[in-house]
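Line by line, the protein sequences give chains A and B.
For the first sequence, the numbering used here puts the final residue at 281, and the numbers step up evenly by one.
For the second sequence, the numbering used here puts the final residue at 433, and the numbers step up evenly by one.
Calculated directly from the structure, the hints in this document are not laboratory data.
Virtual Cβ for every residue (Gly too), placed ideally from N, Cα, C.
Worth double-checking, as some hints may not be accurate.
Stated by the list, open to error - Simulated pairs of lysine-lysine, DSBU-like, Cα-Cα distance not exceeding 35 angstroms:
hint, chain 1, residue 1, chain 2, residue 2
1, A, K21, B, K210
2, A, K19, B, K142
3, B, K104, B, K250
Stated by the list, open to error - Pulled from the structure, derived: some chain A residues nowhere near chain B, Cβ distances all over 10 angstroms:
hint, residue
4, L70
5, P81
6, G135
7, L140
8, Q202
9, K218
10, V278
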Amino acid sequence: MKNTFDWQIEGKSSLMDLKLKDVWAYRDLLWLLVRRDFVSFYKQTILGPIWFFLQPLLTTVMFTFVFGKLGGFKTDGLPQPLFYMAGITAWNYFADCLTKTSTVFRDNANIFGKVYFPRLIMPLSIIVSNLVKFGVQMILFVLMIAYYSIIKHENCFPNTYILLFPILIFLMAILGLGVGMIISAMTTKYRDLAFLVTFGVQLLMYATTVVYPLSTVKPSLNWIVKLNPMTSIIETFRYGFLGNATFSWSNLAYTSMFAFVVLILGVIIFNKVERTFVDTV
Amino acid sequence: MSKIAIKVENLSKAYQLGNIGTGTISRDIERWWAKMRGKEDPFLRIGETNDRTTKSESNIVWSLKDINFEIQQGDAVGIIGRNGAGKSTLLKILSRVTAPTTGKISGNGRIASLLEVGTGFHPELTGRENIYLNGAILGMRKREIDRKFDEIVDFSGVERYIDTPVKRYSSGMYVRLAFAVAAHLESEILIVDEVLAVGDAEFQKKCLGKMGDISTNEGRTVLFVSHQMDAINRLCKSTVVLDNGSILFKGNSNEAISHYLKGEKGTYSHRSWIGMNNAPGNQIVKLRDVSILNQCGEISEVLKINEPIYIKFSYEVIVDEIEFTHGLNLYNQSGIHILSSHDLITSKKKLKFSRGIYEARLEIPKNLLAEGLHQISVAIMSYNPFFIHFHETDAAIFTVVDTLDGTSARGEYGGSFPGVVRPMLFWENKKIF
Numbered sequence: 001m002k003n004t005f006d007w008q009i010e011g012k013s014s015l016m017d018l019k020l021k022d023v024w025a026y027r028d029l030l031w032l033l034v035r036r037d038f039v040s041f042y043k044q045t046i047l048g049p050i051w052f053f054l055q056p057l058l059t060t061v062m063f064t065f066v067f068g069k070l071g072g073f074k075t076d077g078l079p080q081p082l083f084y085m086a087g088i089t090a091w092n093y094f095a096d097c098l099t100k101t102s103t104v105f106r107d108n109a110n111i112f113g114k115v116y117f118p119r120l121i122m123p124l125s126i127i128v129s130n131l132v133k134f135g136v137q138m139i140l141f142v143l144m145i146a147y148y149s150i151i152k153h154e155n156c157f158p159n160t161y162i163l164l165f166p167i168l169i170f171l172m173a174i175l176g177l178g179v180g181m182i183i184s185a186m187t188t189k190y191r192d193l194a195f196l197v198t199f200g201v202q203l204l205m206y207a208t209t210v211v212y213p214l215s216t217v218k219p220s221l222n223w224i225v226k227l228n229p230m231t232s233i234i235e236t237f238r239y240g241f242l243g244n245a246t247f248s249w250s251n252l253a254y255t256s257m258f259a260f261v262v263l264i265l266g267v268i269i270f271n272k273v274e275r276t277f278v279d280t281v
Numbered sequence: 001m002s003k004i005a006i007k008v009e010n011l012s013k014a015y016q017l018g019n020i021g022t023g024t025i026s027r028d029i030e031r032w033w034a035k036m037r038g039k040e041d042p043f044l045r046i047g048e049t050n051d052r053t054t055k056s057e058s059n060i061v062w063s064l065k066d067i068n069f070e071i072q073q074g075d076a077v078g079i080i081g082r083n084g085a086g087k088s089t090l091l092k093i094l095s096r097v098t099a100p101t102t103g104k105i106s107g108n109g110r111i112a113s114l115l116e117v118g119t120g121f122h123p124e125l126t127g128r129e130n131i132y133l134n135g136a137i138l139g140m141r142k143r144e145i146d147r148k149f150d151e152i153v154d155f156s157g158v159e160r161y162i163d164t165p166v167k168r169y170s171s172g173m174y175v176r177l178a179f180a181v182a183a184h185l186e187s188e189i190l191i192v193d194e195v196l197a198v199g200d201a202e203f204q205k206k207c208l209g210k211m212g213d214i215s216t217n218e219g220r221t222v223l224f225v226s227h228q229m230d231a232i233n234r235l236c237k238s239t240v241v242l243d244n245g246s247i248l249f250k251g252n253s254n255e256a257i258s259h260y261l262k263g264e265k266g267t268y269s270h271r272s273w274i275g276m277n278n279a280p281g282n283q284i285v286k287l288r289d290v291s292i293l294n295q296c297g298e299i300s301e302v303l304k305i306n307e308p309i310y311i312k313f314s315y316e317v318i319v320d321e322i323e324f325t326h327g328l329n330l331y332n333q334s335g336i337h338i339l340s341s342h343d344l345i346t347s348k349k350k351l352k353f354s355r356g357i358y359e360a361r362l363e364i365p366k367n368l369l370a371e372g373l374h375q376i377s378v379a380i381m382s383y384n385p386f387f388i389h390f391h392e393t394d395a396a397i398f399t400v401v402d403t404l405d406g407t408s409a410r411g412e413y414g415g416s417f418p419g420v421v422r423p424m425l426f427w428e429n430k431k432i433f
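All chains, full assembly: derive it from the sequences and hints.
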């Protein structure tokens with residue numbers, strides 16, 4: 001009698017076996033993890049979710065003071081706080097996705113070492129958790145736009161390119177996820193990268209158009225800043241919401257290509273490492 | 001023919017010893033180079049077993065080596081073996097926490113593994129929230145948890161605290177809640193690692209009962225790793241004994257346990273160190289041999305419950321004018337220390353020894369020990385100042401059996417008879433009214 005089996009565990013598996021079916025079966029876990037992150041964030045704090053506002057708000061104040069007032073950086077004719085707020089909100093989403101994802105194996109070694117579930121759930125839950133935070137921060141940003149455009153009559157109105165917003169979120173998410181997963185996979189064995197990430201992300205911010213607009217970058221250095229896939233996302237974000245920035249379809253197309261390649265690479269590497277990372281982490 | 005639940009074929013798992021860090025990158029490159037040329041991994045040398053007591057040049061060990069076994073659906077199977085035998089590795093591979101190096105496992109039905117209770121519990125979340133989170137981590141859908149929620153809370157017995165963050169729980173409550181979630185998993189195969197060593201006695205009993213239920217009444221397959229031989233014996237019909245990464249024995253639990261206990265220490269109703277330089281002892285006194293004798297004075301591993309057992313050991317005294325006493329410890333198969341004895345009482349005045357070879361003999365009366373394996377240790381020590389010359393902990397292992405001839409404490413009763421000792425006690429019954 002020949003037996004047929006439901007499942008098999010083998011030493012080697014195909015690189016392309018991404019187990020997306022498993023991920024779907026565990027979708028409830030994804031939501032519970034997001035809920036956990038959110039609930040545990042503000043438990044036993046007095047201000048609770050208000051902390052989500054405070055961080056970008058204080059950074060905006062600081063940037064306005066340092067780069068706007070002291071440095072005298074141009075802001076494409078936009079009100080300085082609004083300009084920095086746009087950059088910070090978008091950048092933070094990407095940066096949080098990246099840094100959190102990049103330590104996912106180490107942070108969860110305990111759970112991963114004891115029970116199986118599709119590991120991809122963890123980074124995905126990070127992306128969604130941060131999306132919630134990003135959403136809350138977007139409310140603040142929209143309120144600020146309303147304040148500056150309606151009450152102070154500044155010229156900063158959204159245009160039709162605001163419709164690209166969902167695509168921008170998606171691009172930031174997969175970019176952060178992809179890079180984060182590649183780093184997390186590599187840090188299971190070589191911890192060196194983990195040190196690089198924390199300040200690397202900070203440095204990268206200055207190579208992105210967060211504190212200065214792309215239009216003020218010298219043409220000779222322009223290509224370096226454009227090489228950074230986050231640049232076109234932030235420029236497009238500002239263009240859509242505030243009506244003034246450097247928008248280019250070709251830059252956005254480059255970013256999309258970049259993001260997808262990184263995502264696919266990330267998922268493949270992540271799935272390969274996931275199988276035995278418990279032994280080396 | 002019943003259906004196979006799990007089939008393990010040629011399963012091996014290699015681990016790297018030592019630090020992972022500097023130096024690994026060059027090795028990784030070497031490994032990759034070998035792979036590119038289609039050669040075998042140069043660092044996985046064949047034949048290294050995982051014996052942690054011996055040193056070897058290679059720092060790759062095989063935690064599991066060519067494991068093969070099958071488990072039928074509905075069976076409860078125990079896995080035993082001393083520390084480092086590969087039990088946990090096997091469970092980790094079965095529960096897909098880590099992948100095997102070579103070989104494969106195939107199976108039918110959903111697997112739920114409990115390598116630890118309360119995995120993923122978040123201290124800030126309430127009991128209710130943690131039930132959902134933990135359930136989902138273990139593979140339950142939300143609907144499933146909704147349906148089982150009341151049952152889980154009921155089993156855990158922490159109803160009053162269900163909306164309190166679990167960080168306020170006592171450790172016992174925490175574990176109860178965690179086990180309750182796990183016990184209500186609806187998987188066809190359940191893998192459990194020693195989680196029963198938690199909670200108070202009452203709850204442990206409840207857990208064991210639940211596990212028994214799962215395998216016998218619900219017809220689910222259970223794989224159970226434990227060091228508690230009695231739990232294994234009670235729950236599992238068959239047992240796999242692992243030793244240094246390979247299977248030492250598989251079959252009936254009773255036999256497996258005695259195999260394990262013997263395998264761990266070797267078989268011995270007789271051990272001799274005569275002419276060997278590693279004999280237990282020092283420059284004053286050295287152990288020569290230890291024997292277990294039956295009533296007829298023959299060396300035997302199997303002794304009858306209703307006959308006296310003799311323990312005899314000989315030793316060499318190397319100096320003159322020395323005082324010491326003889327001692328013995330006796331343990332049963334669960335490692336329970338049944339008794340200790342020394343001859344300070346029986347020999348009223350202190351014994352003075354001079355150079356020579358001596359023999360000590362001790363009688364364990366009939367109808368004292370219970371059935372099963374027993375292990376003894378022998379020692380010689382001096383007093384004033386107290387000093388142990390030797391204490392041989394693996395001196396001998398023997399089995400006590402009841403031949404069921406009706407003259408033991410069992411009488412005519414042939415069923416399960418618990419207790420660490422089995423003395424013949426005198427019962428008196430009379431009519432008082």
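Original post:
So which hints don't hold here, by number, going up?
Top reply: Checked against the structure, the only hint that fails is number 10, while the rest are satisfied.
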